[in-house]
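Trainee: Counting in the UniProt record's numbering, the sequence shown tops out at residue 526, every number present.
Derived from the structure by calculation, the hints contain no laboratory data. Backbone N, C-alpha and C define an ideal beta-carbon position, used for all residues, glycine too. Any given hint could be a false lead.
Claimed, not checked - Distance ranges between label pairs, derived from CB positions:
1) Lys117 - Asp221: 37 to 43 Å
2) Arg148 - Asp221: 21 to 27 Å
3) Thr444 - Lys486: 54 to 60 Å
4) Thr123 - Arg48: 47 to 53 Å
5) Asp180 - Gln251: 53 to 59 Å
6) Asn135 - Glu250: 31 to 37 Å
7) Leu38 - Ser240: 54 to 60 Å
8) Gln251 - Lys30: 48 to 54 Å
9) Gln414 - Arg488: 32 to 38 Å
10) Lys117 - Leu27: 51 to 57 Å
Said to hold, decoys possible - Listed next, the in silico DSS-like pairs over lysine-lysine satisfying Cα-Cα at most 27 Å (straight line):
11) Lys8 - Lys33
12) Lys30 - Lys161
13) Lys150 - Lys45
14) Lys147 - Lys45
15) Lys117 - Lys407
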Amino acid sequence: MCKGYVNKRQYYVQQYGLENANKIRRLEFKKTKASRLLASINFLKRCRDHNIIPNCVRLAPRKDIVGSASILETASRKLLIKLVAGHRTEYQRLNIQIQNETEEIRGTLVLMLRDLKLLHNETMVRFDIESLFTNLPLNDCLDIIAKRLKNMSPDYVDIVKHCLTSGYLMWKDEFYVQVDGVAMGSPVSPIVADIFVEDFEERALANAPVKPRLYKRYVDDTFVVLPNDKISAFLAHLNSIHNNIKYTVEQENKNCQIVVVKIQCVAKWSHIKDFFEIDNKTPNFVFAPAFTKKCKTKNVRQTSCTSFEPHSGSGLYAKIADGALSTEAAITANVISHMDKLYDALNSDSADLRRGEIFSTNLTAKSPHHKLFQSMKYFLKTLKFMGSLRTPPQEDKKLSPLVEDNKKLKQDLQASHARIQNLEREMRKDNIILHGMAENEHSTSELWKNVLEVLNETSLRSDGMREWDQWEISNMRRIGKKMNDKKRLILITLALNWRKYELLKTIKISRQIYMQPKITRRKLSK
1 MCKGYVNKRQ
11 YYVQQYGLEN
21 ANKIRRLEFK
31 KTKASRLLAS
41 INFLKRCRDH
51 NIIPNCVRLA
61 PRKDIVGSAS
71 ILETASRKLL
81 IKLVAGHRTE
91 YQRLNIQIQN
101 ETEEIRGTLV
111 LMLRDLKLLH
121 NETMVRFDIE
131 SLFTNLPLND
141 CLDIIAKRLK
151 NMSPDYVDIV
161 KHCLTSGYLM
171 WKDEFYVQVD
181 GVAMGSPVSP
191 IVADIFVEDF
201 EERALANAPV
211 KPRLYKRYVD
221 DTFVVLPNDK
231 ISAFLAHLNS
241 IHNNIKYTVE
251 QENKNCQIVV
261 VKIQCVAKWS
271 HIKDFFEIDN
281 KTPNFVFAPA
291 FTKKCKTKNV
301 RQTSCTSFEP
311 HSGSGLYAKI
321 ADGALSTEAA
331 ITANVISHMD
341 KLYDALNSDS
351 ADLRRGEIFS
361 TNLTAKSPHH
371 KLFQSMKYFL
381 KTLKFMGSLR
391 TPPQEDKKLS
401 PLVEDNKKLK
411 QDLQASHARI
421 QNLEREMRKD
431 NIILHGMAEN
441 EHSTSELWKN
451 VLEVLNETSL
461 RSDGMREWDQ
471 WEISNMRRIG
481 KKMNDKKRLI
491 LITLALNWRK
501 YELLKTIKIS
511 RQIYMQPKIT
521 RRKLSK
C-alpha cells in the first residue's frame, strides 16, 4: 500500500478506475469467503474421520429421504453446482435450462410428437426408473464426475464426495449412514442424478439390441418409439446394465395418456374425418377460409365462415359424450371453438365488416376482443393441420359451371393434341419434295400408287436399297392450285428418317423427275 492512501477502495479507484476497482473488491471478498468455507470443510472432514458429530449439525427423527442443506453452507453448494454444470454436454445444459419450465417442455414435446408418424408395427412407450434418487450408486457417480472434471483440481471431487457421503440420519435413537442414494433436498442431487443417467443411457444405447427411432428423456422419464416385438428385449437390456437401476415400462393407449409430464393431445384431421363419417349430413369447413391465402373471392369467405365452426364443434362434443369418438377428439373440438371466438372477435365490433382480408379487422387497442384477436392470430400462424373435407353446399352452384367448362376444355385439348402431332410431323425434316411428275392421277390413291412405282424403280437402280412399302410414307399431297400447263409439286412425309437419307443419295430419279430435301415456308405458301 502506498503512503497517503488509507482506504483500499480509494486507492484502487485512483489507480485502476471505478469499474476495475469494484471487480478487485469483489474478488477479494470471494477469496475471503472461500477461505472461510474451506476452513469449515476441513473441520467437518476431521469430525467425520473421528466419528464426531459437531453441535452445529442438529439431528431430528425423519424419513429416509431427507434434505442435507444444513450440513454445508449454501454458498459452497451453489459454487459447486456452477463448476460441475459448466463441464457438461450441451444437451444436458439444455435440460438444466428447462428443468423448472414445465410449460416449455410441454410445448416442445407437443411440437415434436405432432409431426411424428408411427409405423404400423411401432408404438410409443415410456420407461421410468424406480426410485432414482435413493438407488443411485455413489461410487459410480463419483467416478463419472471425476472423468468429467479432467482438467480441474481433485479437490472438487472430494467436495462432491463429502456432500454425498456426509449425510446422517437417526432412527430409534440410533445413527445411520446412507451407503447409496442421494438426498432429494440437496441442490447437488439433481445434477449428480442427471450426470449418472446421461452416462447410463450412453452405455445402454451403444449396446442396445435394437436402435429406437425416437429417444427423448426428461430426468428419469424416457419416451421411446420401438417396434412392438422389441419392447421386452429393450427393457431387459436396460435392467441388465446395473443392479441398482431398474426400469418399468408403460405402453401407449388409445386415450393418449402415456406421459407422466402432462402433455396435451394434438388436434388432428382424423378426428374431423371420423366425425364426418358418423354424421355426414352437412359438410363443414374445419378452418376458416378468411384466414388463408388460397381463397381469393371475398364472397366465398363471407358465406363459408359463418356456419362451419358451431356445427363441427358442438357435433364433436356430442359424439364424444355418446362414446362414438375418443376423448382425444375434445382437443380438436376445443380448437374449433377457438376459431368461432376468433371469427366473432374479427367482426362483432365493426359496422364495416372487413371479411376477406387476411387478419384484417377494425378492432382497436381499446376493443374488448383485441387481446383475443392477437393471441389467436399467433395461434393461426403456427397451425398446420387444417383443411376441408368437401365443398360446402353453397359453393356447389358456383363451382358446377366451372366443372363443365373444365370437361369441355379437356375434350378440346385431347382433339387438338392429335392435330398438333400431325402438324409437328409435317414440319419435321423428314419431308421431301418431288418435282416434275406428271399430274395424270384422278384420286389420291392413284397418286400414292404412281409415287410408289417411281420410288421402287429408283430402288432397283440403286445397289442395296430395298423396295418401298406403303406404311413407310405417312402423308402425300400435291402443293398449290391445279393449273393446265403446270406440274404441281408433291410433298411426301416419310415415317422413317433413315429412308429419307437413303433416298437422297439418288436425287435425280429420271430426266423429268427429281427430288429436293428442303423447301422454304415462302415457297410452300405459294
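Trainee: Determine for every hint whether it applies to the structure shown.
Mentor: Against the structure, the hints come out as follows:
At roughly 22 Å, the beta carbons of Lys117 and Asp221 sit outside the given window of 37 to 43 Å. Distance hint check for Arg148 and Asp221: the Cβ-Cβ separation is about 23 Å, which falls inside the suggested range of 21 to 27 Å. Range check, Thr444 to Lys486: about 19 Å between beta-carbon atoms, so the 54 to 60 Å window is missed. Evaluation of the 47 to 53 Å hint for Thr123 and Arg48 yields a pass: the beta carbon distance comes to about 50 Å.
Our hint of 53 to 59 Å for Asp180 and Gln251 is violated, since their Cβ atoms are close to 30 Å apart. Range check, Asn135 to Glu250: about 19 Å between beta-carbon atoms, so the 31 to 37 Å window is missed. Taking the beta carbon of each, Leu38 and Ser240 are about 43 Å apart, not inside 54 to 60 Å as hinted. Between Gln251 and Lys30, the C-beta spacing of about 52 Å keeps the proposed range 48 to 54 Å intact.
Separated by about 34 Å at the C-beta atoms, Gln414 and Arg488 satisfy the suggested range of 32 to 38 Å. Taken as a hint, the range 51 to 57 Å holds for the pair Lys117 and Leu27, whose Cβ atoms sit roughly 56 Å apart. Proximity of Lys8 to Lys33 is assessed by CA-CA distance (about 18 Å); at most 27 Å being required, the pair is judged to hold. Distance restraint check for Lys30 and Lys161: the Cα-Cα separation of roughly 23 Å lies within the 27 Å cut-off, and the hinted pair is therefore satisfied.
Pair hint Lys150 plus Lys45 holds up; C-alpha atoms about 24 Å apart against a cutoff of 27 Å. At roughly 24 Å between alpha-carbon atoms, Lys147 and Lys45 fall within 27 Å of each other, so this suggested pair holds. As the CA atoms of Lys117 and Lys407 are separated by approximately 38 Å, the hinted pair breaks the 27 Å bound.
When each numbered hint is compared with the structure, violations occur for hints 1, 3, 5, 6, 7, 15.
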